[in-house]
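There are 2 protein chains.
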Amino acid sequence: MSSTAPLTYDQAGVNYDLIDPLKVTAQRAAAATASHLASHGFSEVQASRGESAYVVDVGPFYVASIVECLGTKTLVADEMAKLTGKSYFAGIAQDTIAMAVNDLITVGATPLVVQAYWAAGGSDWFGDAQRAQALVAGWKAACDTCQVAWGGGETPALAGIVEDGRIDLAASCTGLINPKERLSVGDKLGPGDAIVLLASSGIHANGLSLARKLAERLPQGYLTEIEPGLTYGEALLAPTALYSPVTEALWKAGIAPHYCANITGHGWRKLLRHPSALTYRIHTVPPKTAVLDFIQKQAGQDDREAYSTLNMGAGFAIFVKAAAAERTAQVARDCGIAAWVAGTVEAGEKQLLIEPLGIRFSENDLHLR
Amino acid sequence: MSSTAPLTYDQAGVNYDLIDPLKVTAQRAAAATASHLASHGFSEVQASRGESAYVVDVGPFYVASIVECLGTKTLVADEMAKLTGKSYFAGIAQDTIAMAVNDLITVGATPLVVQAYWAAGGSDWFGDAQRAQALVAGWKAACDTCQVAWGGGETPALAGIVEDGRIDLAASCTGLINPKERLSVGDKLGPGDAIVLLASSGIHANGLSLARKLAERLPQGYLTEIEPGLTYGEALLAPTALYSPVTEALWKAGIAPHYCANITGHGWRKLLRHPSALTYRIHTVPPKTAVLDFIQKQAGQDDREAYSTLNMGAGFAIFVKAAAAERTAQVARDCGIAAWVAGTVEAGEKQLLIEPLGIRFSENDLHLR
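Protein chains in written order, with this note's numbering: chain V, 87 to 455; chain A, 87 to 455.
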């Protein structure tokens with residue numbers, strides 16, 4: 087592969103064709119276990135199957151839970167630590183919590199408890215006190231931002247499974263949907279709703295395989311400046327935005343989203359997540375963050391490819407009734423997160439039309455269920 | 087190291103001296119986040135800090151949550167698959183769920199939802215359909231046994247973090263303590279209580295680093311017969327017993343444990359888990375499972391070393407009022423799990439006395455908090 091050839095996500099090493107059949111089998115087996123809840127007097131919220139978090143009706147409120155993996159962003163942090171002598175694990179901790187919290191809130195849940203899963207390649211990983219303390223401090227700071235309790239967790243040393251010197255990070259999160267009318271699994275989503283997009287802080291934690299592959303093609307690697315004074319590596323490591331302060335503030339402002347989508351893997355195709363046949367028409371495209379613009383150009387991706395895999399500046403989508411759209415965006419801005427009333431939901435076939443860019447994604451472009 | 091020298095847990099590669107300082111810092115930082123729950127109208131059950139699962143008081147009941155790692159048992163399964171052509175991942179799935187469920191129930195919780203965390207070294211892992219389907223089937227079967235709903239999970243491909251051809255397995259679990267009097271975080275534990283021990287099914291998923299190291303010293307390795315027709319590898323891979331059917335049956339029988347301890351890492355020292363100053367006197371020691379007896383002999387461990395790291399035949403301890411002890415054991419037997427009224431709780435210094443073996447463990451032998 088020449089260094090100027092376009093770089094696709096598949097080439098970056100993740101083959102969904104191998105993973106997806108297992109996912110389908112697992113989803114079917116999982117769905118068959120829902121009936122067990124009845125023996126405890128409870129029931130699942132069936133519409134949450136396939137959504138970002140699983141929801142159980144326990145009577146006075148709903149309980150939502152999730153486990154989420156950070157992915158391979160630590161490999162960038164490790165490489166940058168070698169190059170700069172700094173530790174990036176405070177930001178990495180925030181990324182990990184964001185993966186769980188930003189998913190959990192899509193269903194209307196208030197995150198209450200986060201558990202840490204830190205699986206190292208050996209006990210030695212924890213012997214680097216600066217790095218370990220940064221991980222702890224960043225984890226706590228992200229919990230503080232999201233107002234969740236850090237319940238505990240696991241710090242196994244898994245030599246032979248996790249590679250020497252590496253760490254596999256994940257977070258589980260449990261929350262309540264309380265009161266129950268906060269539930270947002272899409273049944274309220276419909277024509278006339280507005281789409282509000284919240285700014286991302288960078289690449290977040292999806293697309294890192296591609297980003298790492300790209301670094302190999304850059305003569306200066308991670309130290310390439312993408313703008314004066316900002317290296318590619320530093321830009322990649324901007325911690326993922328935490329959106330739960332926004333969803334909590336919305337509720338306090340009397341706004342109940344009809345649906346939410348966390349824009350992670352599959353990029354903007356995640357806007358098609360809900361199974362309804364609806365057309366999503368985007369009239370305003372948020373500015374690309376610098377690092378995503380850089381990746382798109384260096385990887386030679388056209389807009390269609392870029393928006394189908396990366397967040398391109400929009401990290402979270404909130405679908406609300408049109409009358410609440412401007413207020414929704416303002417609440418996000420008041421939380422320090424840029425936001426745009428970006429589009430509308432319409433009756434029609436299932437598709438996403440990003441009009442300013444002339445892009446159309448259809449149902450065939452996304453298979454999550 | 088000669089092949090007849092005793093083999094200790096430290097030699098098997100896990101250095102708790104490196105992990106424990108981080109754990110302490112993390113526990114302190116985590117404890118400081120509990121106050122966030124008040125902003126949502128809730129509070130933590132402080133006594134659950136340091137227990138096996140974290141508990142939050144949400145009003146009508148308590149919510150308990152946890153994330154737990156399987157550890158390195160998959161390395162034995164992988165090796166045995168090479169040697170025998172069989173897949174052992176159905177049992178491995180049960181092990182993983184057992185790690186989470188058996189911890190969650192110690193606080194009195196009914197497990198409701200399990201989430202799967204299956205982080206593979208690459209997409210290829212999922213391409214072995216027989217193995218992947220065994221993992222799915224075993225996961226579902228364990229959910230069925232525990233009557234929990236499988237909510238979903240993560241199946242990331244983490245090339246560069248998880249080793250090629252390996253998988254890092256974990257489970258998160260959320261449950262309710264309902265009604266609230268089922269809470270068992272030790273405040274009811276006291277002199278006069280009986281200790282009921284439930285049989286383990288083998289090594290479970292703790293001590294595998296030692297067990298794997300030992301296999302290297304055996305001329306026939308995992309294919310060494312530990313009894314006629316049973317190889318060391320097969321015996322190691324006996325899936326971990328699931329104890330939630332017992333704790334649920336106990337509640338239905340009107341028995342509320344005062345405290346429970348899941349006997350995992352640190353072996354029988356886990357009986358000293360509760361912070362109270364109490365003496366635990368064991369008068370009846372359950373039979374060793376064959377594989378643990380084999381390990382002890384081959385590793386040249388004395389009883390003190392063996393009981394301080396392995397479950398030695400007892401996988402779970404239930405502390406109940408003396409009058410309920412025999413019935414507790416009978417309820418477990420009715421669930422298909424052997425059980426023994428094994429000892430008593432007494433006033434006195436914090437210590438565990440395994441009288442038939444002449445072993446004493448004191449507070450200094452266990453640092454979990």
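Honestly, the hints are just simulated from the structure, not real lab data. Any given hint might turn out to be false.
[Said to hold, decoys possible] Simulated pairs of lysine-lysine, DSS-like, Cα-Cα distance not exceeding 25 Å:
| # | chain 1 | residue 1 | chain 2 | residue 2 |
| --- | --- | --- | --- | --- |
| 1 | A | K109 | V | K172 |
| 2 | A | K109 | A | K338 |
| 3 | A | K266 | A | K338 |
| 4 | V | K266 | A | K168 |
| 5 | A | K266 | V | K109 |
| 6 | V | K338 | V | K383 |
| 7 | A | K172 | A | K274 |
| 8 | V | K172 | V | K299 |
| 9 | V | K338 | V | K266 |
Verification of the hints:
1. For the proposed pair A/K109 and V/K172, the alpha carbon gap of about 22 Å is at most 25 Å, so the pair holds.
2. Taking the CA atoms of A/K109 and A/K338, the gap is near 37 Å; set against the 25 Å cutoff, the hint is violated.
3. Of the supplied pair hints, the one linking A/K266 and A/K338 holds, its CA atoms being roughly 15 Å apart against a limit of 25 Å.
4. Pair hint V/K266 plus A/K168 does not hold up; C-alpha atoms about 51 Å apart against a cutoff of 25 Å.
5. For the hint linking A/K266 to V/K109, the alpha-carbon distance of about 37 Å lies beyond 25 Å, and the restraint is violated.
6. A threshold of 25 Å between alpha carbons decides the hint, and for V/K338 with V/K383 the separation of about 41 Å lies outside it, so the pair is violated.
7. Simply put, A/K172 and A/K274 have alpha-carbon atoms about 47 Å apart, too far for the 25 Å limit, and the pair is violated.
8. Simply put, V/K172 and V/K299 have alpha-carbon atoms about 22 Å apart, close enough for the 25 Å limit, and the pair holds.
9. Our distance criterion of 25 Å between C-alpha atoms is met by V/K338 and V/K266, whose separation comes to about 15 Å.
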